[in-house]
Amino acid sequence: MSKLSLRVAREESDLWSGMGRLIALIPLILSAINLMIAITLPIFHYDRLLENAIRKLEGRGFIRKLFDHLSGFFWQQVTPDQLAQDEIWWNQTWAIFYFIISLLLFFIIFRWQEAKYFISGVITISFGVIYSLLPIDIFPDFIPAAGSFDDAIALLISTLLGLTILGEGNKRRRLLKKVRSHAEKNPLKALELLCEEHGLEMEITSDPKNK
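My numbering puts the first residue of the sequence shown at 1, with every later residue one more than the last.
Treat the hints loosely; a few may be bogus.
Heads up, simulated EDC-like pairs for lysine to aspartate or glutamate below, C-alpha to C-alpha not over 20 Å straight-line [unchecked claim]:
no., residue 1, residue 2
1, 178, 196
2, 171, 196
3, 178, 150
4, 171, 114
5, 177, 196
6, 171, 150
7, 56, 87
8, 171, 197
9, 177, 87
10, 189, 203
11, 116, 168
12, 56, 81
13, 178, 87
14, 171, 203
15, 116, 192
16, 185, 168
17, 56, 86
18, 177, 197
Hints are computed from structural coordinates only; laboratory data are not their basis.
Turn these sequences into a full structure, and let the hints steer you where they fit.
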């Protein structure tokens, strides 16, 4: 008579399941916030950046002025608008790089099967937030009531979809935790849980010849 046995192929230490995940989660959240701020720089902070660029040009020394004149002669004229655009570009480039590095750290500590739900949920919600902040609208904002309607709908839909994805990830994580707890002591129960998750029914029949 055959005997069924299951074992956990990969044990997770307390470091990776607790503190390590928190260490990976914090940079990812901060980098996502930083990325959204960088994307909205041209919309909400352009005047401030332009004022800083003007002060920077007015406070130049002789060597810096000479360098800027040569740059304008051979390449392009240095203007406050150009300096502001350059600062926006550098901020956005760094924000994207920071976000990618945070994602890589998240992938290293989390399993992809677990990480993909969180990342997909965060990105989905972020799309709605970014759309509501950007001046690109289906209905222009100067239209009464309708101007903010598309922003609210986009934010609502993206939030609901994102929370649904996060909920599915949490559901799967709890299921795997149950399966792992039954794997060695009660393998049939572990298989039953997996079958239920995929809409399958498990039926065990005994072969009289193997008794």
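Right, here's what the structure says about each hint:
1. Distance restraint check for residue 178 and residue 196: the Cα-Cα separation of roughly 13 Å lies within the 20 Å cut-off, and the hinted pair is therefore satisfied.
2. Restraint check for residue 171 and residue 196: the C-alpha separation of about 13 Å stays at or below 20 Å, so the hint holds.
3. Taking the CA atoms of residue 178 and residue 150, the gap is about 42 Å. The hint is violated against a cut of 20 Å.
4. The straight-line distance between the Cα atoms of residue 171 and residue 114 is roughly 10 Å, inside the 20 Å bound, and the hint therefore holds.
5. The suggested pairing of residue 177 with residue 196 holds, with an alpha-carbon distance near 15 Å, which does not exceed 20 Å.
6. Proposed proximity of residue 171 and residue 150 is contradicted: the alpha carbons are some 31 Å apart, above 20 Å.
7. In summary, the hint linking residue 56 to residue 87 is supported, as the alpha carbons are separated by about 12 Å, within the 20 Å threshold.
8. With a CA separation close to 10 Å, the supplied pair residue 171 and residue 197 stays within the 20 Å bound.
9. Annotation: proposed proximity of residue 177 to residue 87 is violated, straight-line Cα distance about 47 Å (limit 20 Å).
10. With a C-alpha separation of about 12 Å, the suggested pairing of residue 189 with residue 203 holds against the 20 Å cut-off.
11. Using a Cα cut-off of 20 Å, the hinted pair residue 116 and residue 168 holds, with the two alpha carbons roughly 11 Å apart.
12. For the given pair, residue 56 sits about 12 Å from residue 81 by alpha-carbon distance, which is consistent with the 20 Å threshold.
13. Under the criterion of a C-alpha separation no larger than 20 Å, the hint pairing residue 178 with residue 87 is inconsistent with the structure, at around 51 Å.
14. Taking the CA atoms of residue 171 and residue 203, the gap is about 25 Å. The hint is violated against a cut of 20 Å.
15. This hinted pair does not check out: residue 116 and residue 192 have alpha carbons roughly 25 Å apart, beyond 20 Å.
16. Of the supplied pair hints, the one linking residue 185 and residue 168 is violated, its CA atoms being roughly 27 Å apart against a limit of 20 Å.
17. A C-alpha spacing of about 13 Å is found between residue 56 and residue 86, which places the hinted pair at or below 20 Å, so the restraint holds.
18. Restraint check: the Cα-Cα separation between residue 177 and residue 197 comes to about 13 Å, which is no more than 20 Å; the hinted pair holds.
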